[in-house]
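J.: Take a look at the letters that make up each chain.
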Amino acid sequence: MQRLLIASPHCYADLARLWYRFVRRDLVPSFADAGYQVTVVIYRDVNAQQFREKDFQGATLCAPGPRARDFMEFYDFALVEAHDFLLILDADAFIVDGAWATSQLLRFEDPSVSAVSLVPRKNSPAIYAILCRCEHFRELTPPVFPGHYQSPESWPNSINLQPGDLAFQRLLAAGKKIITIDVQESERHVANFHGTTVVRLCRDLFADQIGDSQFEDLIQRERYYTVGAYDNALLGALYERLFDEAYAPDCSGTPLGGSLSLPRLRSILTRISKPEQRSTLRRWFESSDRAILSMAAHESIDLAIPDLIPQDWNAS
Amino acid sequence: MPELLDQRLVLNSGEFYHRRAFGENTINRGAVLLECEWSGGIFESGVWMGGIFRAGEFRGGTFWGGIFWDGTWVSGKWESGFDRNGRYHPRTDHPPHS
Chain A
1 MQRLLIASPH CYADLARLWY RFVRRDLVPS FADAGYQVTV VIYRDVNAQQ FREKDFQGAT
61 LCAPGPRARD FMEFYDFALV EAHDFLLILD ADAFIVDGAW ATSQLLRFED PSVSAVSLVP
121 RKNSPAIYAI LCRCEHFREL TPPVFPGHYQ SPESWPNSIN LQPGDLAFQR LLAAGKKIIT
181 IDVQESERHV ANFHGTTVVR LCRDLFADQI GDSQFEDLIQ RERYYTVGAY DNALLGALYE
241 RLFDEAYAPD CSGTPLGGSL SLPRLRSILT RISKPEQRST LRRWFESSDR AILSMAAHES
301 IDLAIPDLIP QDWNAS
Chain B
1 MPELLDQRLV LNSGEFYHRR AFGENTINRG AVLLECEWSG GIFESGVWMG GIFRAGEFRG
61 GTFWGGIFWD GTWVSGKWES GFDRNGRYHP RTDHPPHS
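Residue numbers (the working numbering), protein chains in the order written: chain A, 1 to 316; chain B, 1 to 98.
Bear in mind the hints are in silico, worked out from the structure with no lab data behind them. Among these hints, one or two may not hold up.
Unchecked claim - Pairwise CB distance ranges, derived in the manner of DEER restraints:
1) V80(A) <-> V74(B): 39 to 47 Å
2) V80(A) <-> R87(B): 52 to 60 Å
3) S13(B) <-> A297(A): 20 to 28 Å
4) K122(A) <-> R19(B): 29 to 37 Å
5) E187(A) <-> E24(B): 32 to 40 Å
6) G65(A) <-> T72(B): 22 to 30 Å
Unchecked claim - Okay, the calculated bits of chain A under chain B, using three or more residues with CB under 8 Å as the criterion:
7) 67 to 76
8) 186 to 198
9) 203 to 209
We treat Cβ as the ideally placed atom computed from N, Cα and C, and that holds for glycine.
From just these sequences and the hints, can you work out the full model?
T.: What follows is the structure, encoded as structure tokens:
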């Protein structure tokens, strides 16, 4: 029997709980039905004490240690622990079709295939959700997965390779294949969100120091953060429906206070006036809306998208 | 706003800088620097997130991402970052990098 390890680094117990709900119900049985022995490892990069074991029954919880000092090293740790196949799945990536994911293993019948990227980044492979043939990745000189800077001396024009990118380059140079699922197919089977954890980490790390005004200016100015805050609002809506608990609360318990509360996010969006910024954000928001609705449909619930988009955006 | 102290630029807690460059006369005493360029000053406390630390002393605060090109690491919390070869260094693996 071949063995598959599903590995995912997390910072927040509530997001991990939602993530594991889908993995446990949809992914693990599907892979098992196909004849794989499946193990799930959740790496608690921070806030380890907030993860309740009862929410992660059947999974292995681990935390920073000498072999995996942070989430980036955890990827290589998982590669060592895995046997035949490794599925790295981001904390905010939800595969809603286990049968589809399992069917992707058939692509490894081609012995030159090293990986199947289930969620692409600009039509290229990405680590968000990637099935790896361990044997091929282990042939690379470690560390295998960390991000990397090419031409750091040229900063800010240096190239910041994301985790996994350098490994993909090395494998391709060695004549191996990396299959990238196209974005339309990916979106039909995977609900993927962006920047959700980074926004919460920034809130935790420095929002109190710089104050709400400057923090919110950053959210308003930078698309990556705006989308992260919006996506947290969507995940919060689903989480609260499923678990009847606040998502990403702050220390006072305010829902989404650990990201950006709905009134504050609504206020920020109201202040955005540039048509091109609105247009870009709308595209991202619509993609996220489709993602959360696919998750809700999978749960057989009607989910209302939080009313966040200002009325006058419709005119622009 | 930063204050000038004997020709030194002092960044204080509560301040936030994004994509700014700071020279050798700068002292950070608690500000948050996102994707900035640091060229020779003293980083006493605060948060460094992204950007390039070209030179100077890191005496305290949190280094979270970005390139540590050169300079002296005295103390502080290394969360993550890259060395001058572009290689990643995980949590606690602070400079000097071999």
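J.: Compare the structure with each hint and give your call.
T.: Tested hints:
1. A hinted range of 39 to 47 Å is violated for the C-beta pair V80(A) and V74(B), which are about 34 Å apart.
2. Separation of V80(A) from R87(B) is about 19 Å and departs from the stated range, judged on CB atoms against 52 to 60 Å.
3. Between S13(B) and A297(A) the beta carbon distance is about 47 Å. The supplied range of 20 to 28 Å is therefore violated.
4. Range check, K122(A) to R19(B): Cβ separation about 23 Å, and the 29 to 37 Å hint is violated.
5. Distance hint check for E187(A) and E24(B): the Cβ-Cβ separation is about 49 Å, which falls outside the suggested range of 32 to 40 Å.
6. Distance hint for G65(A) and T72(B): a CB-CB separation of about 29 Å, consistent with the stated range 22 to 30 Å.
7. A count of 4 residues in the segment 67 to 76 of chain A with a Cβ less than 8 Å from any Cβ of chain B is obtained; the coverage claim is therefore met, three being the minimum.
8. Under the rule that three or more residues need a Cβ within less than 8 Å of chain B, the assignment of the segment 186 to 198 of chain A is violated, with 0 such residues.
9. As drawn, the segment 203 to 209 of chain A meets chain B at 3 residues by the rule of a beta-carbon pair under 8 Å; at three or more, the given contact holds.
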